[in-house]
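J.: Chain order of the listed sequences is A and B.
The first sequence begins at 1 in the UniProt record's numbering and counts up one residue at a time.
The second sequence begins at 1 in the UniProt record's numbering and counts up one residue at a time.
The hints are simulated quantities; they were obtained by calculation from the structure and are not laboratory data.
Pairwise CB distance ranges, derived in the manner of DEER restraints: (1) A/Ser204 - B/Arg302: 51 to 61 Å; (2) B/Lys199 - A/Glu214: 53 to 63 Å; (3) B/Gly308 - A/Gln64: 43 to 53 Å; (4) A/His107 - B/Ser74: 29 to 39 Å; (5) A/Ser55 - B/Gly308: 49 to 59 Å; (6) A/Arg200 - B/Thr65: 33 to 43 Å; (7) B/Pro59 - A/Thr195: 48 to 58 Å; (8) B/Glu112 - A/Gly160: 20 to 30 Å; (9) A/His107 - B/Glu225: 15 to 25 Å.
Residues from chain B that face chain A, not an exhaustive set, calculated with beta carbons under 8 Å: (10) Asn92; (11) Pro94; (12) Arg167; (13) Asp168; (14) Glu183; (15) Met366; (16) Ala367; (17) Arg371.
Heads up, the beta-carbon is just placed ideally off N, CA and C, and yes, glycines get one too.
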Amino acid sequence: MAQSLLKSMFAGGYSKLFTSPANRRIPSPTPHQFQFQLRINAFSTSSNSSRDFLSLSDELLMDQCEMNTFKASGPGGQHRNKRESAVRLKHSPTGIIAQAVEDRSQHKNRASALARLRTLLALKVRDAIDLDGYTPPLELLQILPAKSTIRGSDVGSQIGPNNPKFALGMKALLDLIYAVNGSVSEAAKLLGLSTGALSRLILSDDSLRMEVNELRASKGMKPLK
Amino acid sequence: MTLCFTRTIHSLPFKHPRLSLSNPSKRPISSFLPHSSSQSPPLLHPISPKPHLPLFLRPPTSSATFSDLQKFHSWAKGLAFSVGSKFLDSDNGPDTDLLCREIKWLLEDAVEHTSILPHLGSSQNPNLTGSELIRLKLDLDDLYSLWNQRIEERRPFQYIVGCEHWRDFVLCVEEGVLIPRPETELIVDMVEEVVSKEKGLRNGLWADLGTGSGAIGIGIGRILEEGGRVIATDVSEVAVSVATFNVQRYGLQDKVQVRQGSWFEPIEDVMGKLAGLVSNPPYIPRDQIPRLQAEVGKHEPRLALDGGDHGMDDLLHLCEGSSIALGSGGFFAFETNGDEQSELLADIMTSKSENRFRDVKIKTDMAGIHRFVTGFRR
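Start from the sequences and build out the full structure, keeping to the hints where you can.
T.: Structure follows, in structure tokens:
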């Protein structure tokens with residue numbers, strides 16, 4: 001998914017990027033800069049954890065963002081008829097950028113950009129966890145298959161990648177996999193799953209798979225397939 | 001089907017189904033026009049026009065096979081690619097990228113089930129044989145003719161599909177009514193900000209003069225509290241009927257009343273009582289009209305664009321009238337052509353209006369242009 005996201009982000013041919021008035025001092029980044037920023041793997045955040053960001057309401061998360069829209073040059077207003085409703089959100093605390101262009105309405109594009117931002121925050125911002133006496137948080141248990149031995153029946157049915165709550169569980173899973181240096185078998189043990197079952201869970205979501213494989217590659221491990 | 005479209009498009013009858021409001025018990029459009037019966041030089045068209053039903057609201061009365069729709073899709077893309085940056089270079093019009101996005105939106109509005117659309121572009125579809133019937137809201141011939149009009153005549157996309165997505169509304173538009181612009185969305189944000197601070201504005205009476213499709217009036221109607229009302233006016237009969245339709249579609253007929261007439265004429269009964277007054281009047285200087293982007297200059301109503309020699313005729317009239325129309329503490333927001341106009345207008349409203357206004361401010365749009373003038377009646 002991350003790859004398709006990258007593609008969709010730069011598909012449009014915008015002549016100019018304007019920053020919203022409140023933030024005009026910040027120079028407009030070029031598409032290359034976006035790509036650069038997206039390749040940054042893990043952000044270190046001192047005061048906020050990404051869990052804090054992800055549990056924010058849309059409104060509060062939006063408050064942490066700088067919103068840019070794309071407009072062609074020229075006088076605008078009544079002079080122009082163009083549906084340029086693209087929205088680009090830059091999450092100020094982390095510098096993560098999410099964008100949406102495909103809908104006619106700026107309102108809808110803002111909602112999709114925000115949903116993408118949540119996924120990117122889950123994927124890109126890591127929190128350190130303590131492996132001693134580790135117990136997975138509820139949001140991680142919710143994305144595990146029912147056969148997990150540590151997953152009580154009170155957790156409810158398994159949440160899949162299309163559910164907006166998946167991002168939070170994915171984030172907790174990535175924190176764990178980072179803590180065990182990319183070892184799927186070790187993470188699986190802590191989650192009461194077989195290595196194969198956890199591996200299948202990771203492979204069920206493209207962005208999750210890519211993120212795990214990037215970490216494994218950096219540790220000289222073979223990618224999951 | 002042969003893909004030959006050399007015939008002139010006007011020979012293709014594009015059917016405009018006439019609107020029928022879903023609830024027949026609702027008051028007829030004419031009852032929204034308080035002066036039409038009592039005070040009347042007889043109208044040229046005795047029956048007020050009914051707006052065209054936008055494509056997305058029409059019933060799926062037609063159909064085409066999947067492969068015929070695929071042929072349309074690739075033909076339409078071919079036309080879009082033939083444009084390249086030609087329009088962009090000549091008058092800042094749409095380029096291939098934007099036109100391709102419009103094809104997607106056109107099809108979204110034209111088909112009954114949008115789930116097949118992602119498969120149109122790909123050649124290999126194991127689950128589709130090509131002979132499946134796709135239900136359409138217009139004949140395939142008309143779809144061809146519409147896209148031809150888009151490219152050959154530069155007919156605005158919004159008139160093609162009969163709607164514009166504005167804020168979180170989908171507003172019906174047609175020839176004769178200005179297509180609401182994204183900049184104008186900000187006026188509603190400004191109103192939202194002031195009404196959140198003052199109850200008197202929240203449940204007061206507002207006016208949107210020159211409402212066009214009804215956009216600003218509807219946007220404000222939705223944020224006002226119980227008791228708050230909006231009068232949306234327009235001199236154009238088409239605009240009045242389209243705005244009325246849009247108001248009813250969003251169920252705001254108890255909040256937003258549409259009246260026909262020029263600027264302050266239709267609100268004489270409420271002069272001095274308004275809590276707020278907003279307008280996006282015509283503001284383009286007359287000598288710039290011939291050089292406008294073809295979609296705008298050739299298709300949108302000149303009445304809604306042409307602001308006289310310096311583009312300020314209507315803004316100055318509004319500025320003058322607002323000191324009488326607004327009650328004490330009333331808020332105003334006007335959209336302008338930008339920088340020079342807003343500075344001039346703000347200057348007039350601060351230093352040359354006998355101290356009638358306070359907190360006069362210039363506000364920028366998303367592109368950083370000084371687009372709006374706002375303030376309060378003392």
